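Asker: Each chain, letter by letter, is given below.
Protein chains: 2
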Amino acid sequence: MTHRPDRPSAPDGDIARRASTVSHATEVPLLSSAMEVAIVGGTGHEGFGLALRLAVAGHRVTIGSRDAAKATASVEEAKQLLGDDASIDGAENPAAVAGKPVVIVTVPFAGQVATYRTVTDRLEPGTVVVDATSPLQAAIGGKAWHVLRPWEGSAAELAASLVPDGVRMVGAFHTVAASALRALDRPIDEDVLVCGDDVEAKRLVGELVGEIPGMRWVDCGPLSTARITEQLTALLITINRRYKVKDAGFRISGREDWGSPG
Amino acid sequence: MTHRPDRPSAPDGDIARRASTVSHATEVPLLSSAMEVAIVGGTGHEGFGLALRLAVAGHRVTIGSRDAAKATASVEEAKQLLGDDASIDGAENPAAVAGKPVVIVTVPFAGQVATYRTVTDRLEPGTVVVDATSPLQAAIGGKAWHVLRPWEGSAAELAASLVPDGVRMVGAFHTVAASALRALDRPIDEDVLVCGDDVEAKRLVGELVGEIPGMRWVDCGPLSTARITEQLTALLITINRRYKVKDAGFRISGREDWGSPG
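Each protein sequence line maps, in turn, to chains A and B. Be aware that the first sequence starts at 0, since it is given in numbering that gives the first Met the number 0, and climbs by one per residue. Be aware that the second sequence starts at 0, since it is given in numbering that gives the first Met the number 0, and climbs by one per residue.
Hint data in this document are derived by calculation from the structure and do not stem from the laboratory. This one's a predicted model, so the numbers in the text were calculated from it and none came from an experiment. Just to be clear, a hint being listed does not mean it is correct.
Stated by the list, open to error - If the Cβ cut is set under 8 Å, some of the chain A residues that face chain B in the computed set are: (1) C219; (2) T224; (3) I227; (4) T228; (5) Q230; (6) A233; (7) L234; (8) I238; (9) Y242; (10) V244; (11) I251; (12) S252; (13) G253; (14) W257; (15) P260.
To be verified - Quick look at which bits of chain B chain A covers, simulated, 3 or more residues with Cβ under 8 Å: (16) 212-222; (17) 227-236.
Said to hold, decoys possible - A few chain A residues facing chain B, derived, Cβ under 7 Å: (18) E189; (19) D218; (20) T237; (21) R250.
Yeah, the Cβ is synthetic: ideal placement off N, Cα and C, and Gly gets one too.
Chain A with its partners taken away, still in its complex shape:
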């Protein structure tokens, strides 16, 4: 399996322009060209799985880590899985996010604030930041199937309080099983619950989601709804433990397709 060969790479200037103008997009498909996506915490199970899936979809993925050597090791592992021509590289988190129109943050809650503090001065206005943090009690030595309530209401809202004005925060991917992402030969039988206050940012994330086989995205309203969606990680961990499985997930029933509410 390799990255999608028919995806034309847009020059960097175009990508940057697209990022800054995406809120004015109307009917133009957002993902007509390869997108540059940085994954902060991209060496973890969830982040690495997303990196693989987005690289397979033809995007230019940068795996970020606190530790450059770990990032390099993950890039090597990814290339062993996807082939040497896979469009994937690695860097320390601050370098990874610099200039990227889309940044996905997949770190444990215990490291969330510290991680954001290392990257915020590299985030430009207009950047779409996708926070996937679940505020699990494991962060304070408790159970992963119990949750904490951040002062701001949700981990996504906490993240929003840490980034510069104009950064467009989206909450997503909390309920997506890392093992399902990693199983590249299988479509993913899960929906991605997407929250955020910027409709076009959600749509952009949704289009990335829609390129992963089997996945759909559902617009779950404003960023504050992450107060609910983030907790679903704990519910899925409970179900996984109870049934001795690894990849319980959610589908929202009631429509063939969700996507942009239009």
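Given the structure of chain A, go ahead and fit chain B onto it with the hints provided.
Answerer: Relative to the frame of chain A, chain B by itself:
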């Protein structure tokens, strides 16, 4: 459509005995005979829909209401839909629950405590009480897609604090769309998330769920997990509003079937 004709009715004594011994059940199917189920708040959309579905499955359903006349009107409506031989009757809530092995409570959060107070002295030890209350902010004049946090952690735990010792509290049905229940000609494309501290009580509720076409049940752990599952009503209301639909629901993906974790 009428109630299932091949369901033998067990004599009342048997039902009472089954209710008191159900926690010792092992491999014996729990629902080999008709079950007596009271639905407190059974004249509301959710309760009435459940009453219809359970009557169709061949159970003996009693619609409870604060107002006997309203209960009678709902019974008449149900019989118009299901036929005169449908096993469904009505009563004021306290009379409806008396002697019933299974009681489902479907009332708005604003009326939850007051309603329990009218029925608790009729609930015998061993009774399975299924609380479907979602603690929505509508209860205090706020939005139905915002939630309140009861002191006890969840509405189900609040309910558990109100009933006599030995009553087996289960949280379920929060995410089931009333319109889907009511559409009797269509299977229901939703899973029921079931929480509770009594494994056999959850299994009994699960078997009732399993008799509704299309529905599966998922054991979501202890009653305290209702802190998460109850909030999903607000998430579904958000999705319904956003997509202008009425019956968004949840499926848990990852297994063909869930049911009893065994």
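Asker: Decide, hint by hint, whether the structure agrees.
Answerer: Comparing the hints with the structure gives:
A least Cβ separation of about 6 Å between C219(A) and chain B falls short of the 8 Å threshold, and the interface hint therefore holds. Proximity of T224(A) to chain B holds as hinted, the smallest CB-CB distance being about 6 Å (cut-off 8 Å). About 5 Å separates the beta-carbon of I227(A) from the nearest beta-carbon of chain B, less than 8 Å, and the hint is met. Below 8 Å, beta-carbon pairs count as interface contacts, and T228(A) has one with chain B at about 7 Å; its hint therefore holds.
With its C-beta approaching chain B no nearer than about 5 Å, Q230(A) sits inside the 8 Å limit, and its interface hint holds. The closest approach between the C-beta of A233(A) and any C-beta of chain B is roughly 6 Å, which is under the 8 Å cut-off, so the hint is satisfied. Because the smallest distance between the Cβ of L234(A) and any Cβ of chain B comes to about 5 Å, under 8 Å, the interface hint for this residue holds. With a least beta-carbon distance of about 6 Å to chain B, the hint placing I238(A) at the interface is held under the 8 Å criterion.
The restraint placing Y242(A) at the interface with chain B holds, with a minimum CB-CB distance near 5 Å, inside the 8 Å limit. The interface hint given for V244(A) holds, since its Cβ lies 6 Å from the closest Cβ of chain B, which is under the 8 Å cut-off. With a least beta-carbon distance of about 6 Å to chain B, the hint placing I251(A) at the interface is held under the 8 Å criterion. The closest approach between the C-beta of S252(A) and any C-beta of chain B is roughly 4 Å, which is under the 8 Å cut-off, so the hint is satisfied.
Checking G253(A) against chain B by beta carbon gives a least distance of about 4 Å; that is within 8 Å, so the hint holds. The closest approach between the C-beta of W257(A) and any C-beta of chain B is roughly 7 Å, which is under the 8 Å cut-off, so the hint is satisfied. Against a cut-off of 8 Å between C-beta atoms, the interface hint on P260(A) holds, since the closest Cβ of chain B lies about 5 Å away. Counting residues of the stretch 212-222 of chain B whose C-beta sits closer than 8 Å to any C-beta of chain A gives 4, which meets the bar of three, so the coverage hint holds.
With a cut-off of 8 Å between beta carbons, the stretch 227-236 of chain B has 6 residues touching chain A; three or more are needed, and the interface restraint holds. This hint holds: E189(A) has a C-beta 6 Å from the nearest C-beta of chain B, less than the 7 Å allowed. With a cut of 7 Å, the hint placing D218(A) at the interface with chain B holds, because the nearest CB-to-CB distance is about 6 Å. For the restraint placing T237(A) at the interface with chain B, the shortest Cβ-Cβ distance is roughly 4 Å, inside the 7 Å limit, so the hint holds.
Look at R250(A): its Cβ gets to within about 4 Å of chain B, closer than 7 Å, so that hint holds up.
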